[in-house]
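Colleague: The lines below spell out each chain.
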Amino acid sequence: MTAAFDILANASLWEAVLRIATPLIFGVLGALVCERAGVLNLGIEGIMTLGAMVGWLSVYWGADLWTGLAIAVLAGMMMGWLHAMLTVPLGLSQHVSGLGITLFASALAYYLYRLWVQVGDLPPTIEPFRPWPIPVLSGIPFIGQVLFTQMPPTYLAILAVLLVAYILNRTPAGLALRMTGENPHAVEAQGLNPVRIRIWAVMAGSGLMALGGAFLTTATFNSFFPTMVQGRGWICIALVVFASWRPGKALAGALLFAFFDAYQLRLQTMVQGVPYQLFLMAPYVLSIVALILVARRARVPEALMQPYRRGER
Amino acid sequence: MTAPVLELDGITKRFGALTANDDVSLTLAKGEVLALLGENGAGKTTLMNILFGHYAADAGEVRVKGKPLPPGKPRAAIAAGVGMVHQHFTLAGNLTVLENITIGSEPLWRLTTDRDSAAKKIARLSETFGLPVDPGARIADLSVGERQRVEILKALYRDAEVLILDEPTAVLARPEAEQLFRTLRGMALGGLSIIFISHKLHEVMSASDRVTVLRGGRVVAERRTADTNPAELAELMVGRAVSRPVRQAHEAGGPVLVAKGLQARGSGTPLDGIDFEVREGEILGIVGVSGNGQAMLGRVLSGLTRPHAGTLTYRGQDITHLTPRDAVRMGLGRIPEDRHAEGIVGDLSVWENAVLERIRDFASRGFVRRKAAQEHAADLIRRFDIRGATPATRTRLLSGGNMQKLILGRNLAAGPRFLLANQPTRGLDEGAIAAVHRELLQARAEGAAILLISEDLDEAVGLSDRVQAIVKGRLSAPVPAERADARKLGLMMAGVWDHADAV
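Going down the list, the protein sequences come from chains A and B.
Throughout the first sequence, residue numbering follows the numbering used here, covering 1 to 313 in sequence.
Throughout the second sequence, residue numbering follows the numbering used here, covering 1 to 503 in sequence.
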């Protein structure tokens, strides 16, 4: 049993938690932005896959890593635009459209990959992000390694949490977005256009999701394969509920899940005689438990999943 | 008279075959309170939605201080100083008062919100116009009256000079409504111009300077309030003389439903040991300010909440642990308080709603006998004069009054021995109210025992044989309607009663 505790004392575990959490943080923020405006975006799984592919391909074709991320964001926003068009002006079922986007974007990603990339025995690779120690701070024992020796997009993810929280809670645009998710009729009665606000919110959220996907191919790994998102998108959808639609809690949720994941990986190698699949399952089971404990008190945006039609109520 | 602040000129609006507004013109002077009077479906709300820019008119023009407003743009209406308080509040329950008021008032791409000066402006407006609110409170925690204040403040915050209120008292209890009209009167004295939409004659008479009457989408009359009277307005509004039916005296029979020491709790005001007795062929009225336990009483008598103490007896049989299914089986009729939530299923057709609770009577071997059910519905439509309905009509499309007639018909068709009528005429217009009253009195004449829960004192006293007041979950002793004058009822509803009057 002491081995299980030794893992906890090791800085490399906590460093891994932040790394594993990064794509989740982007994904959950993206889903949160869409949902606060009243649109459920189940396209997340596909958008993350497409982001992963597009980001990787851009770098493979010679763009630098940051440009690769930017192009991934654009690809995500295009998918977001499609989802928004179907669900907001046309008012189609958000579930059906979202699942459609996931199937379409995943398939498109793999199709383009096979079309444009020669795959031999091993998938081609790129030169990914490297850890970027922050001067001075990274020298602090333990904490330095955990917090300040991460890859640049991880810092960006933390920054994104603060930014999203600020925009939602402190700016007129953020208030308009939240109000659109609560009561779009109120938004219209105040002279703003809830349709336009929802479209922009879904596009922005989808861009964030794609960024999470691109982190997988430009930082965690150095190549693309079609199943690499592995349900992270669905986890993000659950984490939004866990977070009660708050960015700060979303960060906490992403870190918690990443912790379960990093911990079970290490336990697998330590504990003998237990099928490793059991450990693989553990983070999901624990997430469900956490969801049950927290989400019953969640404050759902009142107009979530309700299409807005002018002049109807 | 000074130049009008607002003019509507020849407004016409069609929805398909329906002409909602037909060449409607009206004017509003500075500091004036104009009542727009009309029955449900007369086109009042459509007209105001055109004025505010929710809809674009097919013909005609809206002018504010002489300048035409571009059609279909709420933003332009707000900028021109028109504020609207919608009948169904446009507020976000999870957000604060301040957030609800300030949204849309700042350019979207500003990087900060100036909450302090917003809070100051709200405080100043609250002070000036007598509309106290806490800017930090969450809307969901506020009462309906407070929410309406927020709605009004929202318009004032955007510097409205013309305020439109769509049926502002539909959701308010009487004292709150009176308070609202005092506030509006003060605002008009302060220079604001106000239009309020209503179908209630007494508020039009007491709160307006001028009345414009709309019927079938046209302006049928314009009167100075001082020069008219409720009877004339009622006739103008309905297009014919309407009168509510009058209760005829007759002997009540033996007790049908008897409650002894009933206690029940759940959401809302609990019942704290109530006693009553409804007799054959009589209407027992339960009056009171809303929120004093009426909802719980309704739930208990429909079998939705079980009392935890006391007994309920129906024709000598103990039904304390009533279930909705028992109620149907034993012929206990129920007209629920909220017809949309509990009375009907809007997306189902009229015939489905008509037979829903007695579906077994219209089924054989697991299949619905559609023909029989539809015939039954057609029969109800005929007998209860449900207008605008065929058995296949989607029930949502009926007006409130006709929906209520459908619910009444469904309950009365089988000749129930007991009927619970919970706020049966809330939100209905004069013609529909008269029809509902007629049906209730007819059922009484046929020997039904009716428990009428109403906040409308005129209705309760007019229909009931005996009246009891409900106060904080307790019931006063019953008094005969003949002796229930305004003073006595006021005392009863304030919780002052003695048992000497009991009958």
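Keep in mind the hints are simulated off the structure, nothing from the lab.
One or more hints might be untrue.
If you want a taste of the chain A side facing chain B, the calculated C-beta under 8 Å gives, among others [as the list claims (entries may be wrong)]:
id: 1; residue: Gly-62
id: 2; residue: Asp-64
id: 3; residue: Thr-67
id: 4; residue: Thr-171
id: 5; residue: Asn-183
Straight-line C-alpha distance at most 25 Å; calculated SDA-like pairs for lysine to any residue [claimed, not checked]:
id: 6; chain 1: A; residue 1: Lys-249; chain 2: B; residue 2: Lys-120
id: 7; chain 1: A; residue 1: Lys-249; chain 2: B; residue 2: Lys-121
id: 8; chain 1: B; residue 1: Lys-371; chain 2: B; residue 2: Asp-347
id: 9; chain 1: B; residue 1: Lys-73; chain 2: A; residue 2: Arg-309
id: 10; chain 1: B; residue 1: Lys-260; chain 2: B; residue 2: Thr-313
id: 11; chain 1: A; residue 1: Lys-249; chain 2: A; residue 2: Gly-191
id: 12; chain 1: B; residue 1: Lys-73; chain 2: A; residue 2: Ala-70
id: 13; chain 1: B; residue 1: Lys-73; chain 2: A; residue 2: Lys-249
id: 14; chain 1: B; residue 1: Lys-73; chain 2: A; residue 2: Ala-165
id: 15; chain 1: A; residue 1: Lys-249; chain 2: B; residue 2: Leu-441
id: 16; chain 1: B; residue 1: Lys-67; chain 2: B; residue 2: Leu-26
id: 17; chain 1: B; residue 1: Lys-121; chain 2: A; residue 2: Tyr-166
id: 18; chain 1: B; residue 1: Lys-73; chain 2: A; residue 2: Asn-222
id: 19; chain 1: B; residue 1: Lys-121; chain 2: A; residue 2: Arg-170
id: 20; chain 1: B; residue 1: Lys-200; chain 2: B; residue 2: Asp-347
id: 21; chain 1: B; residue 1: Lys-260; chain 2: B; residue 2: Asn-94
id: 22; chain 1: B; residue 1: Lys-472; chain 2: B; residue 2: Met-205
id: 23; chain 1: B; residue 1: Lys-472; chain 2: B; residue 2: Asp-347
id: 24; chain 1: B; residue 1: Lys-67; chain 2: A; residue 2: Ile-167
id: 25; chain 1: A; residue 1: Lys-249; chain 2: B; residue 2: Gly-136
id: 26; chain 1: B; residue 1: Lys-65; chain 2: A; residue 2: Trp-116
id: 27; chain 1: B; residue 1: Lys-120; chain 2: A; residue 2: Arg-170
id: 28; chain 1: B; residue 1: Lys-120; chain 2: A; residue 2: Arg-196
id: 29; chain 1: A; residue 1: Lys-249; chain 2: B; residue 2: Thr-113
id: 30; chain 1: B; residue 1: Lys-120; chain 2: A; residue 2: Gly-191
id: 31; chain 1: B; residue 1: Lys-472; chain 2: B; residue 2: Gly-136
id: 32; chain 1: B; residue 1: Lys-120; chain 2: A; residue 2: Leu-90
id: 33; chain 1: B; residue 1: Lys-73; chain 2: A; residue 2: Gln-306
id: 34; chain 1: A; residue 1: Lys-249; chain 2: B; residue 2: Gly-93
Incomplete in silico selection of chain A near chain B, CB under 8 Å [unchecked claim]:
id: 35; residue: Asp-6
id: 36; residue: Ala-173
id: 37; residue: Val-187
id: 38; residue: Ala-295
id: 39; residue: Arg-297
Quick reminder that beta carbons are idealized off the backbone N, C-alpha and C, glycines included.
Colleague: Are the hints correct? Go through all of them and say.
Modeller: Evaluated hints:
Taking 8 Å as the C-beta cut-off, the interface hint given for A:Gly-62 is violated, the closest approach to chain B being about 35 Å. Interface restraint check: A:Asp-64 against chain B, minimum CB-CB distance 29 Å, threshold 8 Å, status violated. Of the supplied interface hints, the one on A:Thr-67 is violated, with its beta-carbon coming no nearer than about 26 Å to a beta-carbon of chain B, more than 8 Å. Using the Cβ-Cβ criterion of 8 Å, the hint placing A:Thr-171 at the interface with chain B is satisfied: the shortest such distance is roughly 6 Å.
Of the supplied interface hints, the one on A:Asn-183 holds, with its beta-carbon coming within about 4 Å of a beta-carbon of chain B, less than 8 Å. For a cut-off of 25 Å, the pair hint linking A:Lys-249 to B:Lys-120 is broken: about 32 Å separates their Cα positions. Restraint check: the Cα-Cα separation between A:Lys-249 and B:Lys-121 comes to about 33 Å, which exceeds 25 Å; the hinted pair is violated. The hinted pair formed by B:Lys-371 and B:Asp-347 meets the criterion: a straight-line CA distance of about 20 Å does not exceed 25 Å.
Straight-line distance between C-alpha atoms of B:Lys-73 and A:Arg-309 comes to about 16 Å, which keeps the hinted pair within the 25 Å bound. Of the pairs offered as hints, the one joining B:Lys-260 and B:Thr-313 holds, with about 8 Å between alpha carbons and a cut-off of 25 Å not exceeded. Distance restraint check for A:Lys-249 and A:Gly-191: the Cα-Cα separation of roughly 32 Å exceeds the 25 Å cut-off, and the hinted pair is therefore not satisfied. A C-alpha spacing of about 37 Å is found between B:Lys-73 and A:Ala-70, which places the hinted pair above 25 Å, so the restraint is violated.
This hinted pair does not check out: B:Lys-73 and A:Lys-249 have alpha carbons roughly 39 Å apart, beyond 25 Å. Of the supplied pair hints, the one linking B:Lys-73 and A:Ala-165 is violated, its CA atoms being roughly 31 Å apart against a limit of 25 Å. Between the alpha carbons of A:Lys-249 and B:Leu-441 the distance comes to roughly 59 Å, so the proposed pair goes past 25 Å and is violated. Proposed proximity of B:Lys-67 and B:Leu-26 is supported: the alpha carbons are some 15 Å apart, at most 25 Å.
With a C-alpha separation of about 24 Å, the suggested pair B:Lys-121 and A:Tyr-166 falls inside the 25 Å cut-off, and the hint holds. Distance hint between B:Lys-73 and A:Asn-222 is unfulfilled; the C-alpha atoms sit about 52 Å from each other, more than 25 Å. For the hint pairing B:Lys-121 with A:Arg-170, the CA-to-CA distance comes to about 18 Å; that is within 25 Å, so the pair holds. Our distance criterion of 25 Å between C-alpha atoms is broken by B:Lys-200 and B:Asp-347, whose separation comes to about 29 Å.
For the proposed pair B:Lys-260 and B:Asn-94, the alpha carbon gap of about 41 Å is over 25 Å, so the pair is violated. As the CA atoms of B:Lys-472 and B:Met-205 are separated by approximately 32 Å, the hinted pair breaks the 25 Å bound. For the hint pairing B:Lys-472 with B:Asp-347, the CA-to-CA distance comes to about 36 Å; that exceeds 25 Å, so the pair is violated. Under the criterion of a C-alpha separation no larger than 25 Å, the hint pairing B:Lys-67 with A:Ile-167 is inconsistent with the structure, at around 38 Å.
Note on A:Lys-249 and B:Gly-136: the hinted pairing holds, with a Cα-Cα distance of about 22 Å set against a maximum of 25 Å. Restraint check for B:Lys-65 and A:Trp-116: the C-alpha separation of about 65 Å exceeds 25 Å, so the hint is violated. A threshold of 25 Å between alpha carbons decides the hint, and for B:Lys-120 with A:Arg-170 the separation of about 18 Å falls inside it, so the pair holds. Taking the CA atoms of B:Lys-120 and A:Arg-196, the gap is about 31 Å. The hint is violated against a cut of 25 Å.
For the proposed pair A:Lys-249 and B:Thr-113, the alpha carbon gap of about 23 Å is at most 25 Å, so the pair holds. Proximity of B:Lys-120 to A:Gly-191 is assessed by CA-CA distance (about 23 Å); at most 25 Å being required, the pair is judged to hold. Among the hinted pairs, B:Lys-472 with B:Gly-136 is inconsistent with the structure: their alpha-carbon atoms are about 30 Å apart, more than 25 Å. A distance of roughly 41 Å separates the Cα atoms of B:Lys-120 and A:Leu-90; the hinted pair therefore is violated under the 25 Å criterion.
For the hint pairing B:Lys-73 with A:Gln-306, the CA-to-CA distance comes to about 23 Å; that is within 25 Å, so the pair holds. The hinted pair formed by A:Lys-249 and B:Gly-93 meets the criterion: a straight-line CA distance of about 21 Å does not exceed 25 Å. With a least beta-carbon distance of about 45 Å to chain B, the hint placing A:Asp-6 at the interface is violated under the 8 Å criterion. Here the hint on A:Ala-173 is kept, as its CB sits about 5 Å from the closest CB of chain B, short of 8 Å.
Checking A:Val-187 against chain B: minimum C-beta separation of about 7 Å stays under 8 Å; hint holds. The beta carbon of A:Ala-295 is not positioned within 8 Å of any beta carbon in chain B (closest approach about 16 Å), and the interface hint is therefore violated. Taking 8 Å as the C-beta contact cut-off toward chain B, the hint placing A:Arg-297 at the interface is violated, the least distance being around 13 Å.
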